[in-house]
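Trainee: When you get a sec, could you build the whole thing from the sequences and use the hints?
Heads up: the sequence lines are chains A and B, in that order. Residue numbers for the first sequence follow the working numbering, so the first one is 394 and each next one is one higher. Residue numbers for the second sequence follow the working numbering, so the first one is 11 and each next one is one higher.
Check each hint, because a few of them may be wrong.
Chain B is nowhere near these chain A residues, computed Cβ spacing over 10 Å in every case [stated by the list, open to error]: (1) D455; (2) R461; (3) R473; (4) E493; (5) L539; (6) A570; (7) P584; (8) A602; (9) A627; (10) D698; (11) V712; (12) G753; (13) S778.
The list that follows gives simulated cross-link-like pairs (lysine-lysine, DSSO-like), each with its CA atoms no further than 30 Å apart [what the hints assert, rightly or not]: (14) K572/A to K542/A; (15) K638/A to K771/A; (16) K51/B to K41/B; (17) K607/A to K418/B; (18) K418/B to K51/B; (19) K262/B to K749/A; (20) K572/A to K96/B; (21) K202/B to K572/A; (22) K488/A to K693/A; (23) K41/B to K262/B; (24) K693/A to K736/A; (25) K572/A to K591/A; (26) K391/B to K638/A; (27) K202/B to K749/A; (28) K262/B to K607/A; (29) K749/A to K488/A; (30) K771/A to K693/A; (31) K488/A to K468/A; (32) K432/A to K591/A; (33) K468/A to K638/A; (34) K432/A to K638/A; (35) K693/A to K542/A; (36) K432/A to K391/B; (37) K638/A to K692/A.
Worth flagging that the hints you see were computed from the coordinates, not collected in a lab. Owing to the predicted nature of the structure, the values given are computational and were not obtained by experimental measurement. C-beta atoms are modelled at their ideal positions from N, C-alpha and C, and glycine is treated no differently.
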Amino acid sequence: MLIQRRTFLQTGTLAAASLMVPRFLQAMEGSTRVPPGNKVMVVLQLTGGNDGLNTVIPYRNDIYYRSRPGIGIRKENSLRLTDEAGLHASLPAFKSLYDEGSLGILNSVGYPEPDRSHFRSMDIWQTASRSDEYLQTGWLGRYLDLQCKDCAHPTQALEMDDVLSLALKGSDWNGIAVKDPGRLYQTSRSPLLDDLLKHHEQEHAEHTAAYLYKTLADTKNSAEYIFRHSRQFASGSYPATELGKSLKTIASLIFSDINTKVYYVSLGSFDTHIAQDAQQRRLFTEMNDAVHAFVNDLKKNNRFDDVMLVSFSEFGRRVAQNASGGTDHGTANNMFFIGGALKEKGILNVMPDLSKLDDGDLRYQVDFRQVYATLLDKWLGVAHSAILGESFTPLSFL
Amino acid sequence: MKINQNQNQHLAWRASFGPALQETLRIRQLKPRQLFDELKKASANPPADIEVVVNPPDSQTMGTISRDIPEEEKRKLRQQSREDIKNLNLRWLDEMVSSPAQLREKMAFFWHGHFACRSQNGYFQQLLLNDIRKNALGNFGDLLRAVSKSPAMINFLNNNQNRKGHPNENFAREVMELFTIGKGNYSEEDVKEAARSFTGWGANPQGEFVFRKFQHDAGEKNFLGRKGDFTGDDILDILLEQRATARFITAKMYRFFVNDEIDPQRIEQLSARFYQSGYNILSLLTEIYTSEWFYDPSNIGNRIKSPVELWVGMKRQLPMTLENESMQLVLQRLLGQILLYPPNVAGWPGGRNWIDGSSLLLRLRLPQVLQANTGFNIRPKSDDDQQMGRAAAPAGARGFGAKIDWGKFAAAFQQVKREDLLSTLRGFVLQSGTVPDEALLHRYTDQSGREAYISTLTISMMSCPEYQLC
Chain A
394 MLIQRRTFLQ TGTLAAASLM VPRFLQAMEG STRVPPGNKV MVVLQLTGGN DGLNTVIPYR
454 NDIYYRSRPG IGIRKENSLR LTDEAGLHAS LPAFKSLYDE GSLGILNSVG YPEPDRSHFR
514 SMDIWQTASR SDEYLQTGWL GRYLDLQCKD CAHPTQALEM DDVLSLALKG SDWNGIAVKD
574 PGRLYQTSRS PLLDDLLKHH EQEHAEHTAA YLYKTLADTK NSAEYIFRHS RQFASGSYPA
634 TELGKSLKTI ASLIFSDINT KVYYVSLGSF DTHIAQDAQQ RRLFTEMNDA VHAFVNDLKK
694 NNRFDDVMLV SFSEFGRRVA QNASGGTDHG TANNMFFIGG ALKEKGILNV MPDLSKLDDG
754 DLRYQVDFRQ VYATLLDKWL GVAHSAILGE SFTPLSFL
Chain B
11 MKINQNQNQH LAWRASFGPA LQETLRIRQL KPRQLFDELK KASANPPADI EVVVNPPDSQ
71 TMGTISRDIP EEEKRKLRQQ SREDIKNLNL RWLDEMVSSP AQLREKMAFF WHGHFACRSQ
131 NGYFQQLLLN DIRKNALGNF GDLLRAVSKS PAMINFLNNN QNRKGHPNEN FAREVMELFT
191 IGKGNYSEED VKEAARSFTG WGANPQGEFV FRKFQHDAGE KNFLGRKGDF TGDDILDILL
251 EQRATARFIT AKMYRFFVND EIDPQRIEQL SARFYQSGYN ILSLLTEIYT SEWFYDPSNI
311 GNRIKSPVEL WVGMKRQLPM TLENESMQLV LQRLLGQILL YPPNVAGWPG GRNWIDGSSL
371 LLRLRLPQVL QANTGFNIRP KSDDDQQMGR AAAPAGARGF GAKIDWGKFA AAFQQVKRED
431 LLSTLRGFVL QSGTVPDEAL LHRYTDQSGR EAYISTLTIS MMSCPEYQLC
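Mentor: So, in C-alpha cells, the structure goes:
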C-alpha cells in the first residue's frame, strides 16, 4: 500500500517537474526518499540568549537567590522536577514531558573563550566553529552537503522562516527557508522564470550563470515538492502563534513522506535586559502551548518516537541580575531534548556550580559540539567528524 | 562603433558601481584605457569627509558607557547612536550611487569589507569610514596604520584591554590572519609577542588614538624571527616587510575585482610589483584594469553582485525616487549585507555565498517590486545586538515607495532605432555571456508604445538570473 503510494508520487513528481525543470536536472529526480519510521530532528533556536537559570531553577541554591534578589524564582512558584531543581511555571507541558520520561535537560553547555555578542555567539553555535575561527558554512549545511550528494530535492533541511540561517548553509547545498509552503510555492511561480528555465538548456557547468539557474530550478522544484507534501496530511490543531503555525507545518511534513531530516525554527527575543519576568513568561507560554500541541499531534500519529526536538540559545545570562529587573549576556546554558526515544531522561548532568564562576559567569561543562556529535551520530546516523572537523565522544542520552 | 561596450561596462562594474544611465551611450565609444583614465581623474582629489555625526558623544563610548549614567540616558545614547549609524549607511550608499569618484568609493567598499569592524558608536564608525575613503587608493601601509589606530577597530578588537602583564591577543591575531599576511605565515608565539608589542595602544572617548606608556610592555620580543623591544608600529612595519602581505592583499583584490578563481602565476607577478611599489594601491589597480587579461571573456559577467552592488548598480541604471529611504536598510538586512555591520572581523564571504533559494527569489523579484511599488511581505531576522530584545518591526510590508522615471530613462536611448533597442538595452543591462533569448524577452514586453516597451523590457531583463552577475 505504502509502496504503491510512493510509486504514484514519484510519477507525479516527474510529471510536474518536466514542466519546469531543464532536462539536465531531471535525471536526478526521484532518487532518495526517506524510509518509514525515519528519524527527524527539530531544532528550536531560542534567539537572544534565554536565561537558563530562570528556566531550570536551582531552588536549593543560596547563591542563586543572593545573586537575584528581585528576579529569583521561589520554589513554590516553580514546577518541581527534583529536590534541587524546578521548571519555570509557564512550562507545564514540559513538566508533563519530564514526568513521562520524554524530556532531557543538559546543563552548562557552552564553549571555551565565550563571546558575548549575540551575532558572533550565534555564528559560533550555527557554524560549530571554535570561538577564534570564522566558518562560512553551518553545521546543518555541511550535513546537507553530505546527505545530498546526488539527491533530487535539497530539502533534507528546512527552516521555517523567510530568510535562511547560516546554520543551514553548506558549500554545495543550502537548506530552504519556508515560512509558509503555499506562499513560497506562489512566489516561485513566475511565467518569465519558467520560460527562462526552459530555454536555459545549455550546460555551462563552469559559468556562474549556470549556478544561478540551477539554484533557481532547485528552489522552484523544492517549493513545489514541499507544498505538495504539506498538503498530503492534515496536522492537528495548534495555537495561532508564529511558533504554533511553524510546528503545525513541520508536523504536516513529518506525516508526509517528504525527505526532510532536519527542521529549524526560532523563537525570540529572549534578550531580557529589562523586565525579564514578563517577557520570558510570554515567550515560554508561546513555546509551551505550541510544543504541547506538536507533541500531542506526533503521539496521535505514532511518530513521537521518530522525532527529537532540541532547543538551544546562543548564550545564557549572567548569574547576577542587573539594575533593571533583567539579566545581561552570559555564557553556558542548558539545552532541552524532547522525544519518545530518549535513552536517558530527566536532568542529565549536575546542576550548574554557582560557587565557581568566571567573572560572574557560569563555566561550561559540556562543549556544544559534543552535543551536535551525539545528534549527528546517534540520531541522524552520520559520522560527525566529517561535519564538525573534529572527533568528540558522543553523550549517552541518545 | 559600439565594440567596446561590453569591455567598458565590465570596467564600470568592477572599478566602479556599474555604468550610469547618462553615460551609457558615451562610454561605449571610448577605449577601456581612456575610460580608466577618466575614472582615475575623477578620484584624484582627496574626498570630502562624510559628516553625519558632528560631535563625539559627550564622554561615553558605546560598550564603555560609564555605569553611573542613569539607565534612561544610556538608552537615549544607544538610540542616538543607532540612528547615526543608519544615517551614515544611507549617506554612504548615496555616495556610491552618485559620486563621480567611483573608483575611490568602490575601493573603499572593498577595504570596508577587508577591515571589517563593528562598532555601536556612530562617531567612531564615521572616523574609520573616512580614514578608509581617504586612503583607499593611496598606500596600503598608511591605510593599515590608520585603521589599526582607529578607535572603532581598537575597541572592536579589544586593544583597549591589552595591557602589560594582561595581554589581549585579539587585535594581534586578526591583524595577521585577516589584514596582512594570512593564516599559515605566523605561529602562536608570534601572536603572543605581537600582542605584547601592541600593549598600551588605546583610544579615548573623543575618538583619538592614545599611547598609554605605562601599560606598554617595553621588554624584548621575538617576532617573525626578529628580536627587539618592538612597539605596535614596529610590528606593522615588519608585517609590511613580508612579501606574504603583498601576496595576501593582491589575491584578495583579484578575487574581488577580477575572478573568484585565482591564477597563481598572475598573483605572483602582480604582488611582486605591488611589493616593489611600496604598496601603491592605485598602481596595482592600474595594472589590473589596463591589462589585456582583465578583459578576457572568462572574466566578464561571471561575478555575483553583492547585495550592495546589486542595489547601487540598479540605482545608477534606473533614475528613481524613494518615498521610504530606510527600506534600503531592510533590503540590506534581507539580502545579508548591511554596510557598517559586517558579520564578523572576517568580513562578507561573497561569491556564491550570497545565494540561496530565498535570497535568489528575492533578488529576482526586486525589479518588479520596485516597478509595481508593492511590499515584500517578508520579514528579516531580528538582531539582538541592535534591538536588545525588542520585537522586530514587521518590515518590508510598506515597500520602497519607488517611482522610476521612465521618461528620463527612455530619453537616454532616444537616438537608438526601435529595431536596435533590444540589443542596446540588453548590452546596457546584462553583462553575462549567456544572454536570454530575444523572442522570449519579447513575450514579456508591452509593445503599445516606445516608453512602455523600454520599461517592460528593462524590468524583464533585470528579472533574469543574468542580472545578478557583473
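Trainee: Compare the structure with each hint and give your call.
Mentor: Each hint, compared with the structure:
The Cβ of D455/A lies farther than 10 Å from every Cβ of chain B, with a closest approach of about 26 Å, so its non-interface assignment holds. A cut-off of 10 Å between C-beta atoms confirms that R461/A is not in contact with chain B; the least separation is 18 Å. No beta-carbon of chain B comes within 10 Å of the beta-carbon of R473/A; the shortest separation is about 29 Å. Separation of E493/A from chain B is adequate, the least Cβ-Cβ distance of about 33 Å exceeding the 10 Å criterion.
Remark: the non-interface label on L539/A is consistent with the geometry, its nearest Cβ contact in chain B lying 18 Å away (cut-off 10 Å). Its closest Cβ contact with chain B, about 4 Å, brings A570/A to no more than 10 Å, contrary to its assignment away from the interface. The claim that P584/A lies off the interface is violated: its Cβ sits roughly 8 Å from the closest Cβ of chain B, which falls inside the 10 Å cut-off. Against the 10 Å criterion, A602/A falls within the reach of chain B, whose nearest CB is about 5 Å from its own CB.
At roughly 25 Å from the closest C-beta of chain B, the C-beta of A627/A stays outside 10 Å, upholding its exclusion from the interface. Every CB of chain B is more than 10 Å from the CB of D698/A (nearest about 31 Å), matching its label as outside the interface. Distance check for V712/A against chain B: the nearest CB is about 18 Å away, which clears 10 Å, and the non-interface claim stands. Every beta carbon of chain B lies more than 10 Å from that of G753/A, the smallest distance being close to 14 Å; the non-interface claim holds.
Under the 10 Å C-beta cut-off, the non-interface status given to S778/A relative to chain B holds; the minimum distance is some 22 Å. Taken as a hint, the K572/A and K542/A pair is honoured in the structure, with Cα atoms around 26 Å apart against an allowance of 30 Å. For the hint pairing K638/A with K771/A, the CA-to-CA distance comes to about 29 Å; that is within 30 Å, so the pair holds. As the CA atoms of K51/B and K41/B are separated by approximately 16 Å, the hinted pair is consistent with the 30 Å bound.
Between K607/A and K418/B the alpha-carbon distance is near 36 Å, which puts this suggested pair outside the 30 Å criterion. Pair hint K418/B plus K51/B holds up; C-alpha atoms about 27 Å apart against a cutoff of 30 Å. For the given pair, K262/B sits about 45 Å from K749/A by alpha-carbon distance, which is inconsistent with the 30 Å threshold. Taking the CA atoms of K572/A and K96/B, the gap is near 28 Å; set against the 30 Å cutoff, the hint holds.
For the given pair, K202/B sits about 47 Å from K572/A by alpha-carbon distance, which is inconsistent with the 30 Å threshold. Distance check on the hinted pair: K488/A and K693/A sit about 20 Å apart at the alpha-carbon level, within 30 Å; holds. Taken as a hint, the K41/B and K262/B pair is honoured in the structure, with Cα atoms around 27 Å apart against an allowance of 30 Å. With a C-alpha separation of about 22 Å, the suggested pair K693/A and K736/A falls inside the 30 Å cut-off, and the hint holds.
Under the criterion of a C-alpha separation no larger than 30 Å, the hint pairing K572/A with K591/A is consistent with the structure, at around 27 Å. Restraint check for K391/B and K638/A: satisfied, since their Cα atoms lie roughly 17 Å apart, inside the 30 Å limit. This hinted pair checks out: K202/B and K749/A have alpha carbons roughly 28 Å apart, not beyond 30 Å. Taking the CA atoms of K262/B and K607/A, the gap is near 27 Å; set against the 30 Å cutoff, the hint holds.
Distance check on the hinted pair: K749/A and K488/A sit about 29 Å apart at the alpha-carbon level, within 30 Å; holds. Taking the CA atoms of K771/A and K693/A, the gap is about 25 Å. The hint holds against a cut of 30 Å. Between K488/A and K468/A, the direct Cα distance comes to roughly 15 Å. Compliance with the 30 Å bound is thereby established for this hinted pair. Of the pairs offered as hints, the one joining K432/A and K591/A is violated, with about 36 Å between alpha carbons and a cut-off of 30 Å exceeded.
For the suggested pair K468/A and K638/A, the alpha carbons sit about 33 Å apart, so the restraint of at most 30 Å is broken. A threshold of 30 Å between alpha carbons decides the hint, and for K432/A with K638/A the separation of about 22 Å falls inside it, so the pair holds. With a CA separation close to 34 Å, the supplied pair K693/A and K542/A exceeds the 30 Å bound. A threshold of 30 Å between alpha carbons decides the hint, and for K432/A with K391/B the separation of about 28 Å falls inside it, so the pair holds.
Restraint check for K638/A and K692/A: satisfied, since their Cα atoms lie roughly 18 Å apart, inside the 30 Å limit.
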